[in-house]
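Listed here are the chains, written in short residue letters.
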Amino acid sequence: MTSKQLLITISYSIASILAIAALAAVFLSTGARHRAKTEHGKLARLENYWGYFVTGLLVLLLALTIVDIPYGKSAPRIAQRVRVIAQQFAWNIQPSTVRAGVPIEFTLSSKDVQHGFGVYEQNGKLIFQVQVPAAGEHVQTAVLTFPKRGTYTIDCLEFCGFHHHLMTATMRAQ
Amino acid sequence: MESGAAFGDEAVIGAETLVSREAVGAMVTRYFVASTAVLFAAGALGVIMRQSQANLVRVSPNFFYAAMTAHGLGAFVAWAGFAVMGFGYWVLESVGFKLRPLAYGLGQAAFWTMVVGTVGIVCTTVIFGFGGSWVFLYPLPFHSASQWGHVTTAVFAFSVLLAGVSIITWSVSMLMAATGPSSPAQKSGVLNRMGVALGMAILWPKRFPVREPLPYAVLPLTVIALDMIIATLPLALLLVEMIVQAFAPSVTVDPLLAKNVLWFFGHPVVYLLLFPAVSIYYLLIPRYAKKPLVAGNAIAVAWLMAVVVNVIIWAHHVYLDYPNDTLQSSLNTIAQPLTFSITLVSALSLFSLSATIWRSEFEWTIGAKFLAAGLIGWFTAGLSGVVNATITFNTQVHNTLWVVGHFHQMALLNIGVVVFAAAYEFVPELWHRQWYSRRLGEWHLWLTLVGGYGMIILWLSQGLTGAPRRWAVLPSKYDAQTIASLAFIALIVLGQLVFAWNVIQTARGNRRERDELNLVRDEWQLAMVFCTAVIAIAPVAAVAIKRGNAKSTAAAPAGSAAAGAVLFSQTCSACHTLAAAGASGTVGPNLDQLKPSQARVLNALKIGGTGDGRMPANLYTGTQALAVAKYVSSVAGTK
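Those protein sequences? They're chains A and B, same order as listed.
Using the numbering used here, read the first sequence as starting at 327 and increasing by one per residue.
Using the numbering used here, read the second sequence as starting at 370 and increasing by one per residue.
Bound conformation, chain A alone:
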C-alpha cells in the first residue's frame, strides 16, 4: 500500500467503528424504562451543535487535503518528456525507458475512446493514475516521478471495451 492508501484504510476503519458504536449505543438505549422522559426540545437543540461539529470536521479535512490536488502541476525544466498514445487495446509509450528520480511530463492522448493511465510499481502498488481523454481536442498532461529503478506496469483504469483488462504495458526506469 502507498502511504495514502494506508491513511485511508486506518482513518476509514476508525471512523466506521466509531459510527457503528454510536448507532449501537442508540439502539441499545431503547426500552420501556424511559417512558416518562421527554427530551424532544433538548435533542432538537443538540442537532445544531452536531451540525456545527460535522461542518468543523469537514472544513478541517478540506483545509488539509485541498492543497494536494494534481491540477496545474508544471514540470521543472529538467523533466523528461514521454508521449503516451492510447487506443483500444494497446499503449504506445515513447520512450518507454526513463530515468528514475527525475520528473516526467506525460502528454497523454487517445486515438479512440477514453482510457485510464494507471501506473503500478513492480509489487503491484498503484502509485499514480490519470484519465486519458477520448480522441478530440483535449490532451492531458501530468507530472510524475518514478521513485526507483525497475519495471513499472501500465494498466488501463478507464473501461474502454471488451479487452479493457488486457490493455497493459510496461515502462522501465533506470
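Think of the hints as simulated: they come from the structure by calculation, not from any bench.
All C-beta atoms, glycine included, are put in the ideal place defined by N, C-alpha and C.
Some hints could be false.
What follows is a set of in silico ranges between Cβ atoms, one per label pair, in the way DEER data are often shown [as the list claims (entries may be wrong)]: (1) 336/A / 609/B: 42 to 50 Å; (2) 602/B / 351/A: 54 to 62 Å; (3) 336/A / 844/B: 21 to 29 Å.
Given chain A's structure and the hints, the job is docking chain B onto it.
Showing chain B alone in chain A's frame:
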C-alpha cells in the same frame, strides 16, 4: 388489485375527485413486484460476474461487460430506484397526501415506461452484446471493437431514454402531489405551495403560512422530484444525439462535454434512490419510536441547500479529467467543498433519526431492524463517500474496486435494506394480510447483512490495494479475496431466496404459526443453519477443486505451442484475430490472413509493431516468445 376497477371508488373531498387509498396501493404493489423481479435478474448477473472473476465458470469478456451494463442499470435504477419510486407514493398516502387522477395516471405511465425501458436494456445487453457499461462513456458505444452494432447502440440509448422519461414523469407526478390538494399551505399560489413542500414554512412561517406542519417525509420527495427533472433533461438530449449518431455518423459531440452531461445526471440519480429512502426513514422511525421526528431548523436548511447543491456537484465524478488546465480543473476543485456540504443532509438526518430512536419505546419489528441496519449502512457508506469526494484520496481509489465497495454499501446496505424495511412494513397495509413468516424475515435480514458486509469489505480492501474496477479478469494477486467473496455472495443469494419464498407465501395468504416456537428447539431452524454453512462453503470449495485439478494436470511444457496458446489468449488476443484461439481483435493485423512464419512472429515480438497501432516491443521474450511464435505459426489460417 385491478387499478382500473379501483378507479371506481375514488374518495371525494370537497368538490374534488381524488384517487382512493386502494388504487394507490394497487399501483405501489405493481412497483414493488416489478422491482423485486428486477432484483433477482440483476442479482443473478452480479453473481455471474463475481464467480467469473473467481474463475469458477469463466464467461467471455464481452458477456462479462454486457452483464455488467445490465447489472448496473438493472440493480441501481430498475430495482432500488424503481422500488423507492413506488414506495414514495405509499409514503405520501401514509402522511395523508392524496393524489389527483392526473398525478396518479402519471405514476402509472412512469411504471410502464420503466418496465419497457428495462426490457430494452436487458435485451440490448445480455442478448445483443452491448457492453459499454452503465455509464456508456461516449464515444465508447460507437467503438465496440466489433462486439455490437450501431443499431444495438441506438436501441440501448432509446431504452435508457425511456428510463429517463419514466423518472421525469414520476418527478412531475410527485411535485403535483406535494403541491396538490393535500398541501398544508394556506396560500393557493403554486410557488408558495412548492416553497412549503420544500420546508420553507419551517424557516419562514410568516411568508409561508400553513394550516398544519408539513410532514417531514414529504421534504426529500419534493427535493428529488425537482432535481431529477433538471438533471435528466440534458442526459435525454445526449441519448437522442446517440440515437441520431447511430444512423448519421457525422453527428458527434465533444466527449468531455458528454462525460459532464452523463454525471450531471449520474450524481443526482444516486439521490433518486437515497432521498425517497430518507422519506421512508422519516415516516417509519417515528412510527416505531412512537414519537415525532426530532428535527430542528438545521434540517430544513440542509434540505433547501440540497435542492441546489445536488445538481452542481457532478464534477466529483471526473476529478481525474483535467486536460491542460481547462475550466474542468476549476469545476473539479470547487466540487470538493460543495460535495462536503451536501454530506450535512445525511449527517443531520442521521442525527434526527438516531435522536428519535434514543431512549424511546422503540418497537423492534422486522421492518424496524432493517431500518436500523440501514442507518449503519448509510453512515459507513457516507464515510467512504467522503474519501471519494476528497480529490487527493480520489487519485488513489478512483476506478478501483473500492468504488464498487462504496456504492454497493450505499445501494444495498442502505437503500436496498430500506426497500426491504418498507416491504415488511407496507405489504400488510397493501395486501391486508400478515407476513407468512416473521422468522424468515429475520433470516433474510441477517443473511443479507453478513453476506453484504463481507462482500463489501472484500471489495473495499481489494480496491485499497489497487485492484482495478471493471476488469473481467483480475490480476491473480487478488484471487484469494475474490474467491472468499463467493461465500458471502452465497449468503446474500440465500437471503433473497428466503425473501422470495416469504413474499410468495404471503401473497398466497399462508401463515406459519410455528414462528412463535423457541428458536433453539426447532430442528428446522438447525437444519437451516447447516444448509446455510454448506451453501456458503460450496462455491469456495468448487473453485478450490478446480484450481487443484488445473495444477495436477501436467502443465504444458514451457516453450511448447500449447503453452503459447495460453500466453496468446492472455495478451495477443486483445488486438489480433486468430480463429483457433477464439480471438477477434481488430487493432492489429488479422493473423489468419497474414499467416506469419515462426521467425516473423518472433521478430514482431522483439521489435514491436511497425504499423499505426504500434504494438509494444518485448511483450514476450525468451521461451515465452518462442512458445507464442510456435503456436501462432502452427494455427494461423487453419480454422
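Here is what the structure says about each hint:
1. 336/A / 609/B: 42 to 50 Å: 47 Å, holds
2. 602/B / 351/A: 54 to 62 Å: At roughly 45 Å between Cβ atoms, residue 351/A and residue 602/B fall outside 54 to 62 Å, so the hint is violated.
3. 336/A / 844/B: 21 to 29 Å: 25 Å, holds
Of the hints listed earlier, the one the structure fails to meet is number 2.
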